[in-house]
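Those sequence lines, one after another, are chains H and E.
Under the numbering used here, think of the first position of the first sequence as 2, with each following residue one higher.
Under the numbering used here, think of the first position of the second sequence as 152, with each following residue one higher.
FYI, nobody ran anything at the bench for these hints, they're computed from the structure.
Please read all numbers here as calculations on a predicted model, not as lab measurements.
Heads up, the beta-carbon is just placed ideally off N, CA and C, and yes, glycines get one too.
Please note: incorrect hints may appear among the correct ones.
[Claimed, not checked] Here are the computed distance ranges between Cβ atoms for each label pair:
{"no.": "1", "chain 1": "H", "residue 1": "Gln82", "chain 2": "E", "residue 2": "Pro190", "range": "22 to 28 Å"}
{"no.": "2", "chain 1": "H", "residue 1": "Gln82", "chain 2": "E", "residue 2": "Lys165", "range": "42 to 48 Å"}
{"no.": "3", "chain 1": "H", "residue 1": "Thr96", "chain 2": "E", "residue 2": "Ala233", "range": "34 to 40 Å"}
{"no.": "4", "chain 1": "H", "residue 1": "His73", "chain 2": "E", "residue 2": "Ser169", "range": "40 to 46 Å"}
{"no.": "5", "chain 1": "H", "residue 1": "Ile21", "chain 2": "E", "residue 2": "Phe161", "range": "34 to 40 Å"}
{"no.": "6", "chain 1": "H", "residue 1": "Ser13", "chain 2": "E", "residue 2": "Gly202", "range": "40 to 46 Å"}
{"no.": "7", "chain 1": "E", "residue 1": "Met192", "chain 2": "H", "residue 2": "Pro83", "range": "24 to 30 Å"}
{"no.": "8", "chain 1": "E", "residue 1": "Thr264", "chain 2": "H", "residue 2": "Arg52", "range": "36 to 42 Å"}
{"no.": "9", "chain 1": "E", "residue 1": "Val163", "chain 2": "H", "residue 2": "Glu16", "range": "35 to 41 Å"}
[Claimed, not checked] Anything over 10 Å on all C-beta distances counts as not near chain H; from chain E, calculated:
{"no.": "10", "residue": "Thr158"}
{"no.": "11", "residue": "Pro159"}
{"no.": "12", "residue": "Gln162"}
{"no.": "13", "residue": "Ala175"}
{"no.": "14", "residue": "Met178"}
{"no.": "15", "residue": "Arg195"}
{"no.": "16", "residue": "Val201"}
{"no.": "17", "residue": "Ala203"}
{"no.": "18", "residue": "Pro212"}
{"no.": "19", "residue": "Ser218"}
{"no.": "20", "residue": "Arg228"}
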Amino acid sequence: GESVGLHLPTLSVQEGDNSIINCAYSNSASDYFIWYKQESGKGPQFIIDIRSNMDKRQGQRVTVLLNKTVKHLSLQIAATQPGDSAVYFCARMTTDSWGKLQFGAGTQVVVTP
Amino acid sequence: NAGVTQTPKFQVLKTGQSMTLQCAQDMNHEYMSWYRQDPGMGLRLIHYSVGAGITDQGEVPNGYNVSRSTTEDFPLRLLSAAPSQTSVYFCASSGGPGDITGELFFGEGSRLTVL
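All chains, please: the whole structure from these sequences, using the hints.
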């Protein structure tokens with residue numbers, strides 16, 4: 002069936018370095034791929050999304066890349082800061098199932114000084 | 152602007168008890184949904200609604216009921232709690248497909264323990 006999965010459960014990054022979080026998906030019919038950040042004890046917080054007709058989208062210190070050929074999605078965080086320590090989820094949604102997110106298991110990002 | 156508000160934040164139940172998790176949003180969003188999050192896992196969709204009076208099942212609906220009598224509120228009911236329902240529950244809301252982004256706004260979560 003359709004799925005959204007992450008490659009690594011934990012990513013350790015030194016403060017100031019760039020972080021790359023990867024995600025694989027199995028169905029190219031998705032209209033939206035979305036990255037969420039979840040800090041301990043809080044609800045998921047929207048970071049950035051990308052439509053399936055795009056390859057790249059940039060936000061503040063974040064870039065999402067979508068490779069439809071290999072069905073791979075990545076989130077790049079520039080100059081990682083201690084406040085970036087959190088669990089990051091990729092999720093997918095289609096216009097046929099708007100508001101119904103399918104989440105991956107998450108990657109724990111740990112920023113070390 | 153409160154966004155999505157969930158109550159209670161914490162609840163302990165005994166097996167067989169019933170309760171309702173409340174969710175309210177003040178953004179006039181049509182779409183609302185409930186997710187559960189278990190340790191080491193992503194969020195899984197329980198039920199969702201595309202507008203007042205319209206609800207549908209998600210991935211893990213068994214043991215839960217919902218209703219949507221107003222745009223603002225989307226309560227989740229556990230009729231007979233089971234230990235397998237111990238989890239953190241998140242309510243979310245969003246605008247429709249015509250919106251600029253696909254962002255869902257999440258509440259802070261309700262942590263439920265069933266003994």
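| Structure versus earlier hints - violations, ascending order | Going through the list in order, the structure violates hints 15 and 16 and respects the others.
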